[in-house]
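Protein chains in written order, with our numbering: chain A, 27 to 452; chain B, 27 to 452.
Everything labelled a hint here was simulated from the structure, so no lab data went into it.
Owing to the predicted nature of the structure, the values given are computational and were not obtained by experimental measurement.
The beta-carbon is built from N, C-alpha and C at its ideal position, and this holds for glycine as well.
You can take every hint at face value.
25 Å max Cα-Cα, derived BS3-like pairs, lysine-lysine: (1) B:LYS196 with B:LYS349; (2) B:LYS185 with A:LYS414; (3) B:LYS196 with A:LYS196; (4) A:LYS214 with B:LYS196.
Stretch-level coverage of chain B by chain A, calculated; a stretch enters the list once three of its residues show a Cβ under 8 Å from a Cβ in chain A: (5) 169-183; (6) 407-413.
Far from chain A by the CB rule (all over 10 Å, computed), these chain B residues: (7) ASP57; (8) GLU125; (9) ASP162; (10) ARG275; (11) THR303; (12) GLY436.
2 protein chains.
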Amino acid sequence: MADYTKMWSELGLDLKSHDALLSILGSAYGDIFLSQKNRPGGMKYFDFVMSEVHGLRIQELMEAKAQGRIVVGSYCVFVPEELILAVNGVSVGLCAGAEFNFEGAEEVLPRNTCALIKSAFGFKLGKVCPYLEACDVVVGENTCDGKKKAYEILGPMVKDLYVIDLHQTKSEMGRALLKEEYRRFATKLENVSGRKITPESLKKGIEIVNAKRAAVKRLAAIRAADPAPISGLDGLLVNQVFFYDDPIRFTDSVNKLCDELEDRVKKGMGVVAPGTTRVMVSGCPMAVPNWKLPMLIESSNAVIVGEESCVGERGTRWLTESKGDTVEDLLDTITERYFSIDCAVFTPNPSRIDYVKEMAKRLSAQGVIHYGLQFCQPYIMESGPVEKELEKSGIPTLRLETDYSQEDAGQLKTRIEAFVERLEKK
Amino acid sequence: MADYTKMWSELGLDLKSHDALLSILGSAYGDIFLSQKNRPGGMKYFDFVMSEVHGLRIQELMEAKAQGRIVVGSYCVFVPEELILAVNGVSVGLCAGAEFNFEGAEEVLPRNTCALIKSAFGFKLGKVCPYLEACDVVVGENTCDGKKKAYEILGPMVKDLYVIDLHQTKSEMGRALLKEEYRRFATKLENVSGRKITPESLKKGIEIVNAKRAAVKRLAAIRAADPAPISGLDGLLVNQVFFYDDPIRFTDSVNKLCDELEDRVKKGMGVVAPGTTRVMVSGCPMAVPNWKLPMLIESSNAVIVGEESCVGERGTRWLTESKGDTVEDLLDTITERYFSIDCAVFTPNPSRIDYVKEMAKRLSAQGVIHYGLQFCQPYIMESGPVEKELEKSGIPTLRLETDYSQEDAGQLKTRIEAFVERLEKK
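Could you build all of it, start to finish, from the sequences and the hints given here?
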């Protein structure tokens, strides 16, 4: 591995803490991912990406910046990468998946804040996220109360925090607000980058993001096969890398992986034995390196065949129509695409339940594990009605509420094993 | 006291639980309110109202219904009473201030839900809120995540749940959304009541609500005097009764109380000795019978001189302009009035901090106690920046986070006493 110390130092990272973090992450990655059996060869690319997630990829960002491109960071799927690409910017997801420096985070945030938000602050205050430090703009969004109010506190800590306002209902006024906000964001990007968004540049941005989504959708479809050709851990990893990697290279790598997996399916090969209990996960997003729940599930005689999550199908299932000759027309199609997202912050949110049912059927999932991040009010509030509706439709559902710590791992494992047994007996 | 058993039974109340509740409330009221010294004679009216809060007042609602008037219940100051009065309806605040049947509430809500929301469900599921049962329409609003998602669960439990969507930022689009929502609510009220809103009926509604607010503002102003002419408990009680009582009778009673208090001030009389430590409370609303914190504060050698809360000045400080000749014009002034409210759900929310400072100065409050209801993310998130800004301005601030239980009362009292000592030493 190359020596990135100089780069990290110039980004203002706390080198000692950062080294410690990388060492923990590297060893966790080895234990969780590299120890898996029958992994597809195509996962080697993602192993490499992960091994260089704070190295080569950051170097690429710095090179892009040196060439005059802007780096735009975000914490949510409501920030349109299409627009960022249209000003030749680089879009990156920001670090929020690890329990790092929560003591620091709790000095500025309430203790009853979800781990995802605490993690973002822990990384910032601990100076260990090179993505965040490389950003020209950090984009927040008014999704949940926790994030909405946390951005007020994050603002003074970062170079340029920009917040996109969001609707709360799927009304015509809500749609108009979203479009207005995307128009305002486009102007912001034009101002920061010094580049004008043209119909051509925007169409190109849409094309690149659509291709990336199409590749991940192709992967999602292949996972319907029995035996599962890829583990849930690896499936999630691809969805996580979606937010960090160069989009064209990522698309190419996912498609190569899919070629291999389709070949596996033809040959009846899988990562698990045929008939292994199949579950899907639904709920809160799992950012890198939040692999806790899938690891517990896949070490309990089950395989995860899909994720109904923002880091999963909720984040990628809609493509953006590339229809229209003006930026205004394209802003309409972009708005339409993002307006469809059925995050639990919206009320009411019936399409999410419908989609979970549809996914379970398509993927032949025998049960659904609902993942609620502790203190995430929208998803945890919605999980009751989701469970009720799924059970009514004959889909066994297990509701779990957890955080990033390992303290409850034993207890969760017991509940997951009991659930898998319930599914086996069906 | 009259026998209301038949009425309660017809409303579908669980008579046994309801009797138990009333008995506890009655005895708590005696202990907390009637035991106070030097109370103004004008509080007798409010004692009477409270003694008949589930009796005579409900009978009045039933009589109003028999005369064809509709009863509209709500849980938030964003539901315009002006519009309800314009269709000759009766507006009532709904029960959400007591720890009642939380076990029942936790069967349908996450445990990590604030006590106010749990209370609303506990009352509904336990069948002990005659206000809720008397309602023709229950109005929710998309303020915080907790309430927004809880209304989805409450919907099937009540006769007619109607939800008002709200903005999240004070933008032009936010203002347009609010107006559109109030227009939609006006139509809803017209449909349910069978009455048309006219400029005259709406002006009359505005006039009645403004008079009520003006009376409470008059009371708030008088509390600037030293010695305080009225206790914080009684001041809060008036603000609580604001939501339940007949508005015209209430206004008259508050003004009579103010006459008496002004006379007290002239004579230098108070409920406490001159120089008693003065604090104000800022934060989450306290619905009847949530008197826990004021009771702890006022039994700790301090007097509360004001409430920066939705049950307090945040709920009443703005009047509605009665300007314009059409319903559309008046909807504009109503929107303008409610758009000013600086609830912590908005981002950013700087006017709230400015107002807390202004209030502290006007009321000669020596310190601010910030009341955060556990799991209320907006206020608890905002409390950090509020404390920081107030302390910077030389206003000592104590941040408390609590719920409706009495378990932490001893610990809170210790912290409050230490805070009062800090203020005494200044």
